[in-house]
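These protein sequence lines are chains A and B, in that order.
Throughout the first sequence, residue numbering follows the working numbering, covering 1 to 408 in sequence.
Throughout the second sequence, residue numbering follows the working numbering, covering 1001 to 1141 in sequence.
It should be emphasised that the hints constitute simulated quantities derived from the structure, not laboratory data.
No experiment lies behind these values; they were computed from the predicted model shown.
Among the clues, some could well be false.
In silico DSS-like pairs for lysine-lysine, Cα to Cα no more than 27 Å straight-line [unchecked claim]:
{"hint": "1", "chain 1": "B", "residue 1": "1033", "chain 2": "A", "residue 2": "404"}
{"hint": "2", "chain 1": "A", "residue 1": "317", "chain 2": "A", "residue 2": "241"}
{"hint": "3", "chain 1": "A", "residue 1": "24", "chain 2": "B", "residue 2": "1042"}
{"hint": "4", "chain 1": "A", "residue 1": "375", "chain 2": "B", "residue 2": "1042"}
{"hint": "5", "chain 1": "B", "residue 1": "1111", "chain 2": "A", "residue 2": "402"}
{"hint": "6", "chain 1": "A", "residue 1": "404", "chain 2": "B", "residue 2": "1066"}
{"hint": "7", "chain 1": "B", "residue 1": "1042", "chain 2": "B", "residue 2": "1066"}
Quick list of simulated restraints, FRET-style, between CB atoms [stated by the list, open to error]:
{"hint": "8", "chain 1": "A", "residue 1": "51", "chain 2": "B", "residue 2": "1009", "range": "55 to 65 Å"}
{"hint": "9", "chain 1": "B", "residue 1": "1034", "chain 2": "A", "residue 2": "33", "range": "54 to 64 Å"}
{"hint": "10", "chain 1": "A", "residue 1": "145", "chain 2": "B", "residue 2": "1010", "range": "11 to 21 Å"}
{"hint": "11", "chain 1": "B", "residue 1": "1040", "chain 2": "A", "residue 2": "150", "range": "53 to 63 Å"}
{"hint": "12", "chain 1": "A", "residue 1": "8", "chain 2": "B", "residue 2": "1039", "range": "29 to 39 Å"}
{"hint": "13", "chain 1": "A", "residue 1": "313", "chain 2": "B", "residue 2": "1123", "range": "48 to 58 Å"}
{"hint": "14", "chain 1": "B", "residue 1": "1009", "chain 2": "A", "residue 2": "33", "range": "38 to 48 Å"}
Every residue gets a Cβ at the ideal spot worked out from N, C-alpha and C, and that includes glycine.
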Amino acid sequence: MITEENITHWRSQFPILQTQVNGKPLVYFDNAASSQKPQRVIDSIVHYYTRLNSNVHRGVHTLSQKATDAYEEARTALAGFINAPEKECVIFTKGTTDSINTVASGFSQAFLKAGDEMWISAMEHHSNIVPWQMACERSGAKLRIIPMDDTGTLLTESFLNELGAKTKLIAITHVSNSLGTVNPVKEIIAKAHSLGIPVLVDGAQAAPHMKVDVVDLDCDFYCFSGHKMYAPTGTGVLYGKREWLEKLPPYQGGGDMIETVSFEHTSYNVIPFKFEAGTPNIEGVIAFSEAVKFIQDIGIETIHAREAQLLAYANKKLAEIEGIRFIGTAKEKSAVVSFLLDGSHPYDVGILLDKMGIAVRTGHHCTQPVMDFFKIPGTIRASFAFYNTETEIDLLAQGLEKAKRMLL
Amino acid sequence: MSSIAELENEIREDFSLFEDWEERYNYIIDLGKDLPLIESSKKTEERIIKGCQSRVWLNAELREGKVYFTADSDAVITKGIIALLIRVLSGHKAEEIARAELHFIDDIGLKEHLSPTRSNGLVSMINYMKNYAARYAESNA
């Protein structure tokens, strides 16, 4: 049972939610782009620089040991968060994009060649399109697209029948950032595995909002970002099964990722270090683990339940607005509402909402192919986090009515 | 015809009458709705100023040593701001346009539209107008 007190207490931990924008209390509905940060995550960054700052995996001195311990404890925390079977399978990256590029680079070097095929879906974010286009360009493999219908639901049946010996990888988003669709990744993975095909899941929009269990999903790779789940920017995870991470070539060369170096030959370090070249984002990773503890203290199930309430309320409330057109009406949805107001450009609506202190995203949301599919220039997207409220959704609805009056 | 500086001042005066953002934006929206459209034959790919969120078409023409602009956009607020730029710049000598600093945009509270995060092509549009004029001014120098 989620009470008013719970919500007030959650909100009180986010200093930015107490601020004003353009003279109005901030209504922050751009959580799918980046979430806000609770005080304890902010504090952990300060704590790192005041008490721990030192390079990791290098020094014998006490501070370096402490920083390394905190960094490696963060790996354990993140492994626990997604139920990874061993912490060595959790690679720290700059974010989802970096995680996907790591795999795409390795695949194009070692596992893709001319004549091969790989699949992504019609609703991918640019970061799960472009790295694969580049990988296919380098290797000569062909990139194929899983189609979707006009509710934003993937048409998996025909695609599953086309999988075969030529298929080398499926890279698919768990939850669509622009439509909110939750994809049946577990079913896709099971079918792909029955044909020996590995699957990478882009979990950027899933990890903050629902229980992710990489063992239950049985995915070969799972990628997500810290900054969308209350952690600092520049943090992310690439989870991979050990067998894959061991045979995947390293992405970048540098310190920490080596075992021995000579001018004739370098042998690489074991996982996870093989994929963590150079000094990592130490304070970011430590703060990332603080964000995980923050989520665990509330409970990801509670967060999920609260966001489902907000989505249901927003769907009902916004549907009362005359001339609203929802984009993305799949049955299984995360707390994202994408829409258009008849006769107005999303950009105009976004500008006016901003004047009212309401932060939404407008535009193509880095999913231009999705916008092309619906033949629209973009959408207005409100994406919720558990700290949002029904009152804020009411303000959005009023703001949209006002924008409509001004624009039409 | 008034100079660019005089036209900028006129706009400053118009905007000084508005009490809040709503009045300001209502005026811009009205300007956007009234902006005479660019001829549809000129709404070509080459005339699109690339912007992330709203599309802007801009055409520049020379007549008797003066530069005339017409434009359109799919977003009405963008269009309203274009109408202001056209009101200030169109019909002036190339050298004058190239030199114009356009401080009025800041002064009337529209600076935010020049920020790259807005990605509305407005900065590109101003650059395009001024570069076009500068190129012509140079070739005539």
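Starting from the hint 29 to 39 Å, judge whether the C-beta atoms of residue 8 (chain A) and residue 1039 (chain B) obey it.
violated (58 Å)
Residue 313 (chain A) and residue 1123 (chain B), beta-carbon distance inside 48 to 58 Å?
Violated, at about 38 Å.
Holds or violated: residue 1042 (chain B) to residue 1066 (chain B), with C-alpha atoms at most 27 Å apart
It holds: about 19 Å lies between the C-alpha atoms, which stays within 27 Å.
CA of residue 404 (chain A) to CA of residue 1066 (chain B), is that 27 Å or under?
violated (39 Å)
Has the given pair, residue 24 (chain A) with residue 1042 (chain B), been kept, meaning a C-alpha gap of at most 27 Å?
Distance of about 42 Å is beyond 27 Å: violated.
Could you see if the CB distance from residue 145 (chain A) to residue 1010 (chain B) stays within 11 to 21 Å?
violated (53 Å)
Can the restraint linking residue 375 (chain A) and residue 1042 (chain B) be considered satisfied, given a maximum Cα separation of 27 Å?
holds (22 Å)
Could you grab the alpha-carbon distance between residue 1033 (chain B) and residue 404 (chain A) and see if it respects the 27 Å cut-off?
It holds: about 14 Å lies between the C-alpha atoms, which stays within 27 Å.
Satisfaction of hint between residue 241 (chain A) and residue 317 (chain A), Cα-Cα up to 27 Å
At roughly 43 Å apart (the allowed maximum being 27 Å), residue 241 (chain A) and residue 317 (chain A) break the hint.
Range hint 55 to 65 Å (beta carbons of residue 51 (chain A) and residue 1009 (chain B)) holds or violated:
Given about 58 Å between the Cβ atoms, the range holds.
May I ask you to test the hint 38 to 48 Å on the CB atoms belonging to residue 1009 (chain B) and residue 33 (chain A)?
holds (40 Å)
Verdict for residue 1040 (chain B), residue 150 (chain A) (Cβ pair) under range 53 to 63 Å
Taking Cβ atoms as reference, residue 1040 (chain B) and residue 150 (chain A) lie about 29 Å apart, which means the hint is violated.
The structure does not agree with the numbered hints 2, 3, 6, 9, 10, 11, 12, 13 stated previously, though it agrees with the rest.
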